[in-house]
Amino acid sequence: MLKLRILLAGCLLALGMSSPRIAQADSTPVLNLFIWSSYIDPALLTAFEKKYNVKVVETDYASNAEMSAKLKAGGDSQYDIAVPSSYYVPELAAEGLIQPIDHSALPNFKNLGAKFQNPSYDPGDKYSIPYQTGTTGIVYDPAKLKNVPESWAALYDPKVNPNFPFVLPKGEGRDQIASACAYLGLGFTCATKEDWLKAAKLIVATKKRPNFAGFVDETPARDQMKSGLIAISTAYNGDIGQCYADGSCKTLKYFLPKEGTEQWVDTMAIPAHAPNPKLALEFINFILDAANGADLSNWNQYSSPNQAAQSQLQGILQTEMFTPSAADEKILYFLPPLEGAQYKLFNDIWTSVLQ
Amino acid sequence: MSASALPQTAVQTESRARAFRLWVTAGPGLFWIILFLLIPSAVLLGIGFLSSNDYGSPVMPLTSQPFQQVAGFSLLGWDDGNIIIFLRSLEQAGIATVVTALLAYPLVFFIMTRPESVRPLLMLFIVLPSWTNQVVRTYAWLELLGPNAPLTWVAHALHIVPPDLGIAPGGFAVTTGLAYNYLPYMIVPLYASAERLDWTLVEAGRDLYASGFKLFWHTVFPQTIPGLLSGIIFVAIPAFGDYVVPQLLGGDRALMIGSLIANQFTETPDWPYGAALTIIMLVFTAAGLITFRIMSRKLGGEGEATI
Amino acid sequence: MSNVVPRSVRNMLSAISWPVYILLYTPLALVALYSFAPAPNHSGHSLHAYSVLFADGDVGAALQRSLILAIGSATVSTALGTLLGYGLCRFRKPNARGVAANLPSLIIYTPIIMPSLVFGISELIFFNFVHSTTGLLGAGLLTMVIAHITFQVPYVALTVFARLAGLDPNLFEASNDLYANGIKSFFYLTVPVVRPAIIGGFLLGITLSIDDFTISFFTSGPGSVTLPIYIYGAIARKGISPEINALGTLMIGTIIVLAILHFFINRHRERASQLPV
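Protein chains in written order, with my numbering: chain F, 1 to 355; chain A, 1 to 307; chain X, 1 to 277.
Rather than coming from a laboratory, the hints here were simulated on the basis of the structure.
Just so you know, even glycine gets a beta-carbon here, dropped at the ideal spot from N, CA and C.
Please note that the accuracy of each hint is not assured.
[What the hints assert, rightly or not] Chain A stretches covered by chain X per the calculated footprint, using a threshold of three residues with CB under 8 Å from any CB of chain X:
| no. | region |
| --- | --- |
| 1 | 33-44 |
| 2 | 95-107 |
| 3 | 112-118 |
| 4 | 130-137 |
| 5 | 220-231 |
| 6 | 256-265 |
[Claimed, not checked] Below, a sample of chain A positions facing chain F; criterion: calculated Cβ distance under 10 Å:
| no. | residue |
| --- | --- |
| 7 | Asn-82 |
| 8 | Pro-147 |
| 9 | Pro-269 |
Just chain F, with the same shape it has in the complex (with noise of 0.2 Å):
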């Protein structure tokens, strides 16, 4: 019995050594994917690989935390592209794990618009490609809560709402403690210790109120508020699109603060030691044509950063919610880079927060 079995061990350790190998007796480039699970069409792919004649791998991660501890942990020489998201940015570039990107060989970067050319997170897209975008709101139940103002109160003032659950997003603090200076007055897009210190303390103490439900993203807090568990959180406008699409939050309603809130962006970046940086730009260019990335947001149900493919752009994603209006645009914010010391104290004020 113990003889089988390792026996069995054995041929299956083979037949799992023999695997890398078997990808490399194939003579066809490889393009190795690193991105966020579901956010590519796999039509797109599979045209990319018939135009070029590669083979595209696709390997996921659930969290740019993740994604950037296993590129600093030796993965930035396994794969040549991946899709942090645009405030993860400035710290892959200064940490070395993303080279930077060149522009000569994309001609398609012009589609892009003009807000996402020269995005303060990366001045001049040095190292990084807008890839989908969209805005940060709050969605809630109006059954349970009623006279919401359209404001950061509604998450951090214990008047609007004494009794029911909510939460607020995990992650790295940065969209809490820039949605918290803005409620204090102090802009989205606060940048000073003393500022951070008065955000941290609001937070603390929003923490501790007892319809306090946790720290738990945008997307799963959606399932939540579907679900009835919480009555209020922060929501991308793209998940609560396509709730309303497919019918399953029609009451829950959704607006962007007005002190301001974020535009966020995910972007392309190419590893420092990717085995195939021209197939990774060819990648690139690819989806920066128009068609291509007008495919991908229609199948993502994203907004697009690219201002060519805007009006190939279907269904609810030519609505309001997506396309933002001029005054929308007056208080949507990209999160400011942290470097350096700023970004080692915003951390440590982080961290403070969260014990």
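Following the hints, position chains A and X against chain F.
Below, chains A and X without anything else, positioned relative to chain F:
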């Protein structure tokens, strides 16, 4: 053993043969762990003695700063946060261990009173829920203990929970989640050790007019101690470092040592600090285990009761 | 044995145990319930989630990888761990003191007490180093198997040790008289006696492997997505969708059906072999 009657060389050969057998059997496993964990983690934990740059990566010079951070000193001065986190995690480990042990004993003996053919099936059914994804099954508990769930209506009626809130997130929900996740790890070693219980001892005890709980305590329980000790190790140690259950069912309101360490390598990177925290945690846990081992030797009498 | 345990005690045990079994499966029942959620823009229960699941090629690949990983690593770790537990129980000098005597214990405890994230990152750095200097051990299924074996071995060793620790040491001396060969003695005496622990250790190994996310994530290479990695990724992007619930329901449902079938087939076989000739 009548060692004194044997010539000296025979004794030496005996103990050399014994040592050889020890190396052959225990060697491969120990060597595997040394090669594939001890050496790699020693390298990573070595950075606990380096400084960290602004982005949390290790740089020279050597310093004790990460350990000072463990003691509570940071850019914002000193605070007792880490001590509280540590005690909180300890409490969590204790609760998980006690609750799973209390549940495991009746379950194990229930299974043993069933016909032998059904027993593997009953054991499998206990282990099976842990083959679903942990997040999925913990979310199910979130729903089962949420504001609209039947059990919560009971809690509302008894005024234990305010009317619009749920049992989850909260302390009771966390305990439930911990028990749910760790029960298999207590039951498997307990069952493996209790399955060939020597019932003649029980009969002997009954002949001596013991009964009820006393009978159990003096004849049955001691035979299950090795399994119980393994179970305690399997539950207490992971529960000490667990942060998924308190995050999902406890509302993530409080950091556990597991999440503090994880954050240092991910969300708020400071790898030397994370390494220092891990070293302290390892030292503390190892010391606890050694103490545990010494105590268990006394309980188990002659011979080791646990590794 | 049933005549040893009085009826009152048996009833008490049942009264505690059946509710626990029910509670163990209540969350799973809820998961199953949600898997029958209506299709988008429809109402009423449906199998929509299951059809989406079957159409998704990635899930099948992830499941297959998880199974290979779990069974492969559990097999090797059971072998290593059984030998380890046996060796330490049988051949270690009893009541030895000092650092050297405690060293094997500490080594065995290390994978249990190491936080998964530190474990995973250490392995990644180590395999990266080995790969860049020797070209072996490229990140992929093999590196994941190695890591999984490493964290399973202590569990098996401890379970086997616990089983052996309760045994009469004279049994081993007796077997030495019967079988001169140590290996024969191991396979013919020890293994049958330790069988529940070996099986238990194997099951524990599979349990640990099949739900591991962190260590698998860091030791995986391009494309080696396992089921937990797939599920975590899907949850982060789409929340706990009906498809995820369908996946969980299918897995558990399949195993339950297989286990019950196996039980009835065995019982039938036993009954058939007992028929009078």
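- Item | Earlier hints that do not hold, by number | none
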